[in-house]
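*Asks:* Sequence:
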Amino acid sequence: MSQQSLVNTSGEGGGDIQLQGRRVNLTEASRIRADNLGDGEKGSLIVNASESVQLFSSGLFARNGGAGDGGELTISTKQLRLEDGAQISTATFGEGVGGSLTVNATESVILKGFSVDTNSLRNFGFLPFDNLILSGLFAITAAQGNAGNLTINTQQLIVEGRANLNVTSFGTGEGGELIINTQQLLVDGGSQVSAGTALNEQRGGDGGNLIVNATESVQLIGSADNGNNRIFPSGLFAQTLGEQNAGDLTITTGELTIRNGAQVTVASFGSGTAGDLIITADSVDLQNEARITVASLGSGQAGELKLKSGSVLLDNSQITAQTLSLSEDGGNIKLNVDDLLLLLNNSQISTAAGTPQAGGDGGNIAIDTDLIVAISQEDSNINANAFNGQGGNITINAQGIFGIEFREDLTSLSDITASSNTNLDGEVEINTPDVDPSQVIVELPSAIVDSTKLIANSCLAPSSGQKGNFIITGAGGLPTLPDDLSNSPFPTYSVPSELENEVSSSQHVLIGGTNSDTRKLENPLIEAEGIYRLADGRAVLGWECP
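Following this note's numbering, the numbering of the sequence shown begins with 32 at its first residue and continues without gaps.
The set of hints was computed from the structure by calculation and includes no laboratory data. Backbone N, C-alpha and C fix where the C-beta goes; we use that ideal spot for every residue, glycine too. There could be a bad hint or two in this list.
[Said to hold, decoys possible] Pairwise CB distance ranges (calculated):
| id | residue 1 | residue 2 | range |
| --- | --- | --- | --- |
| 1 | Gln186 | Ser151 | 30 to 38 angstroms |
| 2 | Asn319 | Asn150 | 36 to 44 angstroms |
| 3 | Thr453 | Gly341 | 34 to 42 angstroms |
| 4 | Glu82 | Leu402 | 46 to 54 angstroms |
Please build the complete structure, drawing on both the sequences and the hints.
*Replies:* Right, here's the structure in full:
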């Protein structure tokens with residue numbers, strides 16, 4: 032479909048639309064709509080393409096504008112691609128519940144870019160954001176009805192160039208859930224994946240939850256400038272602007288990488304309570320002004336940040352829980368790191384409460400890890416500070432802490448602090464093994480010791496004492512006896528008589544078959560039994576004679 036083509040079954044009760052093909056392509060503001068504009072039964076929009084679905088400045092819509100519910104919108108294909116302001120959305124503009132949007136793409140979903148042609152596209156029903164038409168997938172509510180859910184199942188999900196995934200509530204209805212199941216997620220170039228509320232009024236609905244399951248990796252990179260000095264960081268967001276509560280944000284992945292100003296944020300900008308941020312990953316890597324944050328920038332309570340990982344690296348980056356409320360306490364941070372927590376280049380793990388004029392108590396920080404390592408001169412800090420309230424509490428359980436230490440107040444070095452401007456400092460508890468490595472370091476002598484001089488060549492006895500004999504008997508063990516049959520279940524041997532013993536002891540032992548090879552050692556070798564110190568202080572291996 033091209034040149035503003037339209038397929039439309041909208042009406043008092045939306046009709047069903049089903050597309051079946053190998054490739055489905057829409058270009059040049061073409062649209063397919065199955066809107067329910069009244070109180071009747073909802074219609075559904077289903078697209079099945081064996082290879083691909085591609086939209087360029089075009090859209091697929093299943094919405095409701097009355098008391099009736101919106102229809103379901105389902106796409107099944109190998110590859111889904113949206114560019115240049117293309118949109119797929121379910122939305123409610125009335126009292127009915129919005130339909131759910133489900134994408135099943137066995138290979139990839141790619142959302143890219145935006146369009147600046149806002150006037151014509153807006154007239155065709157495209158959703159404007161910041162005076163732009165952003166490419167993306169949307170399940171929103173702009174009225175009383177609750178929004179539907181947005182679910183994406185694919186191997187690879189790429190959102191770049193200001194594209195958007197959004198389940199925000201712009202009305203009084205509740206926001207839907209955004210669920211991503213993938214192997215790899217990449218969000219780049221100022222693109223955002225968000226669930227929340229955008230109505231700054233008391234009657235607004237709560238935001239939905241954002242859930243990301245990426246078996247291999249989540250990469251959040253960079254930001255974008257809209258040209259008016261407003262920066263849009265790439266990232267994952269669950270937030271509220273009014274008195275409504277924000278939903279929770281949950282990330283489960285192998286590798287979580289955040290860099291170049293990208294963010295993971297759960298926040299309240301009004302009086303609503305921010306949700307919790309829960310991260311489970313094999314490794315977490317934050318670089319170049321990356322942020323993981325739970326915050327209340329209004330009068331609401333900040334949520335809790337829980338992170339569990341094998342290792343965590345912060346390089347000029349932050350993990351924070353902050354509230355600007357004059358009455359609420361700061362949020363809490365719980366880090367469970369199996370191996371290494373590494374802080375570099377002015378990185379921060381912090382909770383803070385209030386403003387310089389007033390505020391609540393600082394939040395708490397709990398860290399369980401094997402090692403915490405920082406560079407002392409790089410001013411990386413772990414702090415739970417407050418302005419006028421009491422400082423928060425910090426509890427650290429670690430096998431070793433290097434390059435960062437507790438101090439009463441922040442310095443230019445790497446510090447652990449729980450301070451307050453009112454001297455109501457919090458408590459810092461650091462639990463490490465009671466081992467001082469410097470106490471077990473022994474300086475070894477540089478002189479090389481001749482090992483042959485450490486073994487005594489005889490027992491430590493007077494030279495007048497009786498010496499024993501050492502007789503070489505050959506290479507062998509016991510000689511083979513005539514009655515030692517090979518098929519015997521065990522070896523047999525006849526015990527000699529006393530006469531035989533006397534004869535045997537009086538004979539010389541033969542070596543090589545001749546009597547001339549009989550040997551008797553002047554200084555027989557005795558196995559050392561211990562270490563003994565001589566009169567001159569030397570320690571030698573020897574045998575104590577009776």
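*Asks:* Take the hints in turn and mark each one as holding or not.
*Replies:* Verification of the hints:
With their beta carbons about 35 angstroms apart, Gln186 and Ser151 fall inside the hinted range of 30 to 38 angstroms. With their beta carbons about 38 angstroms apart, Asn319 and Asn150 fall inside the hinted range of 36 to 44 angstroms. Evaluation of the 34 to 42 angstroms hint for Thr453 and Gly341 yields a pass: the beta carbon distance comes to about 39 angstroms. At about 50 angstroms, the beta-carbon gap between Glu82 and Leu402 stays in the expected band of 46 to 54 angstroms.
Every hint, counting from the list given before, is met by this structure.
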